[in-house]
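> Keeping the supplied structure of chain F fixed, place chain V upon it in accordance with the hints.
Sequence order for the protein chains is F and V. Under this note's numbering, the residues of the first sequence are numbered 1 to 438, in order. Under this note's numbering, the residues of the second sequence are numbered 1001 to 1264, in order.
Honestly, the hints are just simulated from the structure, not real lab data. Using N, Cα and C, we set each Cβ at its ideal position, and we do this for glycine too.
In silico DMTMM-like links for lysine to aspartate or glutamate, alpha-carbon gap of 20 Å or less:
| id | chain 1 | residue 1 | chain 2 | residue 2 |
| --- | --- | --- | --- | --- |
| 1 | V | K1018 | F | D169 |
| 2 | V | K1018 | F | E192 |
| 3 | V | K1148 | F | E3 |
| 4 | F | K27 | F | D138 |
| 5 | F | K287 | F | D307 |
| 6 | V | K1018 | F | E146 |
So these bits of chain F aren't anywhere near chain V, every CB distance computed over 12 Å:
| id | residue |
| --- | --- |
| 7 | L25 |
| 8 | D51 |
| 9 | E284 |
| 10 | G285 |
| 11 | T309 |
| 12 | A318 |
| 13 | I384 |
| 14 | G395 |
| 15 | R417 |
| 16 | H427 |
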Amino acid sequence: MAEIRGSFGDQPHHILTADFGTPDLHKLSVYESRGGYTALRKALLDMAPTDITNEVKTSGLRGRGGAGFATGTKWSFINRDAPGPKYVVVNADESEPGTAKDRYILENCPHLVVEGILIAAYAVGANQAWVYIRGEYDEPHRMLTEAIAEARAKGYIGPKPFGKDYPLDIRLYRGHGAYICGEETALLESLEGKRAQPRSRPPFPAVKGAWGRPTLLNNVETLATVPAIINMGGAEYAKLGTPKNPGTRLLTVSGNVRKPGVYEVEIGKTFRHVIMELAGGPPEGRKVKVFWPGGSSAPVLPESMLDMTTDAEALAAAKSMGGSGGVIVMDDSHCIVKAAHRLLQFYAHESCGKCTPCRIGQDWAARTYERILANEGSQVELDILQRVSDGLQNGRCLCGLGDSGGWVIDSTLRHFREEYEDHALRHTCNVGKVVVNA
Amino acid sequence: MSNLSAHVLEEIKELPAKYPQPRSAVMPALDLAQEELGYLTPEAMTEVAEALQLDPGYVEGVATFYTLFHLEPIGKHRFYVCTNLSCMIRGAYEIVDHVKRQIGVERPDQVSADGLFSFEEVECLGACEYAPMMRLDHRYHYDLTPEKIDKLIAERKGNAAPPSPAATPPRQGGGPPQDAAPPSPAATPPRERGGPPRNAAPPSPAATPPRKRGEPPQIAAPPSPAATPPRKRGGPPRNAAPPSPAATPPRKRGGPARKKKADG
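Isolated chain F (complex conformation) (with noise of 0.2 Å):
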């Protein structure tokens, strides 16, 4: 494996983290004997379903994946008593731009997210979960493959984990390339063999999910979190983090910094203490120009914002949003048109053509960009930009993808109008260093 760049090792504020660095950590022998699967014992014995929804529910975990629903009141969603069978699925299709956390935690411990899955699938009723991982992470496909070998020969994933009469599976599946995936009805269709195409809800996943039934989605780094809490207790995790967003969160920091990496920071942090100090700031005699907060998907927020802090209700504030913890930096050699530019093609590229407005808007913005950036440009270029975002937002589409794009025109228009102007209308860049892409 690469070397790892982020958190590791024993700090106060590091729940997931802190045995990350120990030498052969996805081994199950090692994980154990570091604490592993403690608290998949104490909630197989000691502790009745609805009590460790109700510890989720107190530690006030919200789902890391993007939207940051409450997990513990999502899992109580689930009727535990609805006859037939009952999944849970885990999101391990990571394809934020900008974020790798995930594939960090399945990398340097397979055994933490396989733990998570399995208390999960007891406290919702579940006999089986099914891993949606994406195909391009072979690594992380191998050693979650492994991990789930390992607890298998030890019992822990069969008919009678640690003698408990609960029989308990984990299936892999993986994804072919498709950033929609990583939206849960998207990833539940792929998952049954379809064009990944969003349905419309209701019905939720928790009713109708997975074949037809009652489903639990959640996020691999979300699950991964839930042994921490069985063990320290809800009411302890909670202490950490903001009173509404407690705990920590990975995030991925990437672009122009020092030291990229993915950082384990208590939710509250400053986005400073982030940039700045835990990945090293811009390069030498650069300065941050903008950072995407949370994934290429968040509105953007400009170097003055950088005291910002990382819970949700921060950036909600500030019309951003924590997404997926994926922090993208860019310093002030690179032209935020063009930025803008390359994400409207992702979206474009990414768009599952179901919704009008997000099949045909990304596009047309994605070409209306490329005018611009070919010194074609003029007012009504700007006009059509402002036109399209207000037209792919607002939920007028089935999924997040649509708003995704219309955010990223709107928040670099808001933010950097005058460097649209300078490209549009006066055709020109001001800006150091020239990217490749235009």
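Using the frame of chain F, we list chain V on its own:
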């Protein structure tokens, strides 16, 4: 020779039973087909559809949705270079240009003259702390530089043929792109995914000719045992006896044969 070999079809037919509903087998089945042929031909997709008792159009619809399914021949080694934002601002497009120059192709649908290499720009691969990065031969490669690219190319050429220091000078950008017609399916080198090179055994003379789309389905004649290529994935052959030609696979799960896709 685009048809899938009997043992792959057998493997495909065993897939549906592994899932709560059989349709989930479509992507794993396409994986097996692509692994054998290097890319998905219309004939292969039709065969997958027959093996799974799905409509060929449905299977093609799935295959065209996902970027990891290739519908054109690709090089034995394909560079999937991330050019999304985090990699772009750390020089990904320079890396793409270098790859293109060194392997002598201009576009993702072209293959290098020796059949070894092709490339594709891809969206974020989720390893942003190592940008710029790419996926090559089922591995991630980090902190890319032109020198690292050169080394990776040289290593792979070394595996294919005796290394020669003068091998393939970099093509200059101005020249005509390597437009040598894409290799015929038969010439496509096997995709590597662990294990010895495939296609080593010459195709059996009795092998069914590629079926045109629309023609009635036909069950492939049983290959002569000698012509059956060795199983490449772990474990001994599952069923040594070649399947009977007439054997329509029994449906694994109850219910009538599926018709067209049930939903839109």
